[in-house]
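Enquirer: Below, each chain spelled out in residue letters.
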Amino acid sequence: AQSVTQLGSHVSVSEGALVLLRCNYSSSVPPYLFWYVQYPNQGLQLLLKYTSAATLVKGINGFEAEFKKSETSFHLTKPSAHMSDAAEYFCAVRTDTGRRALTFGSGTRLQVQP
Amino acid sequence: GAVVSQHPSWVICKSGTSVKIECRSLDFQATTMFWYRQFPKQSLMLMATSNEGSKATYEQGVEKDKFLINHASLTLSTLTVTSAHPEDSSFYICSAYGAGGLWEQFFGPGTRLTVL
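Protein chains in written order, with this note's numbering: chain Y, 1 to 114; chain Z, 1001 to 1116.
Among the clues, some could well be false.
Simulated coverage check for chain Y against chain Z, where a stretch passes if three residues somewhere in it have a Cβ under 8 Å from a Cβ of chain Z [to be verified]:
(1) 40-48
(2) 102-108
As a list, the in silico SDA-like pairs of lysine to any residue whose alpha-carbon atoms are at most 25 Å apart [claimed, not checked]:
(3) Y/Lys49 to Z/Lys1055
(4) Y/Lys49 to Z/Met1045
(5) Y/Lys58 to Z/Thr1049
(6) Y/Lys49 to Z/Tyr1097
(7) Z/Lys1041 to Y/Val19
(8) Y/Lys49 to Z/Thr1049
(9) Z/Lys1041 to Y/Ser52
(10) Z/Lys1041 to Y/Ser28
Everything labelled a hint here was simulated from the structure, so no lab data went into it.
On a predicted model such as this, the values are computed, not experimentally measured, just so you know.
Note that CB positions come from ideal geometry on N, CA and C, so glycine has one too.
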């Protein structure tokens, strides 16, 4: 079984400041990890994914995440927050065994202050 | 990228009625689609895996007789909420893997169901 824990249900940053959203995973087999963004009343959009290649993954909109096996973490970062980054962010995990559905974390709402 | 659509985007119905939600893959064929449920300010929870031409696989605790899933073609899966009650009010989201895509799951825009 796999699971994802997102620390911090709400994160508030100032425009231009560093964004750090935390995600820790638990998996008995090598995981595949994803970050999705959700805007109000919309579906999910993939930001980036880790699929056992490079541990530092770059995604869309200037986001990146680093897979750290020793820490079982996959934190999402962006050097400079923009007002348009305000949204809900979900970390998700799946494995290559069995079903291909995703297991999502509880989500982190990012607020960007002007 | 691949596009997944859902219809309707929102629906309000009376308690006891049934509601059908459609999920379509617009530019690719999807042998497998997933149905998720999201309560306000909560995460997505997998309800079932919809397999083209066969029965859906439901997650533990999801009533298969209440949430009927039909995946009749490679581009269409439907979720019917039967005898809906206010506690079924939620945001329902479907997803599918794109053609040849093993990693990216494409999500529909979601359907907001409100049961009065």
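Enquirer: Would you mind marking each hint as holding or not holding in the structure?
Expert: Cross-check of the supplied hints:
no.: 1; hint: 40-48; in the structure: holds (count 6)
no.: 2; hint: 102-108; in the structure: holds (count 6)
no.: 3; hint: Y/Lys49 to Z/Lys1055; in the structure: violated (30 Å)
no.: 4; hint: Y/Lys49 to Z/Met1045; in the structure: holds (20 Å)
no.: 5; hint: Y/Lys58 to Z/Thr1049; in the structure: violated (30 Å)
no.: 6; hint: Y/Lys49 to Z/Tyr1097; in the structure: holds (14 Å)
no.: 7; hint: Z/Lys1041 to Y/Val19; in the structure: holds (21 Å)
no.: 8; hint: Y/Lys49 to Z/Thr1049; in the structure: holds (22 Å)
no.: 9; hint: Z/Lys1041 to Y/Ser52; in the structure: violated (31 Å)
no.: 10; hint: Z/Lys1041 to Y/Ser28; in the structure: violated (29 Å)
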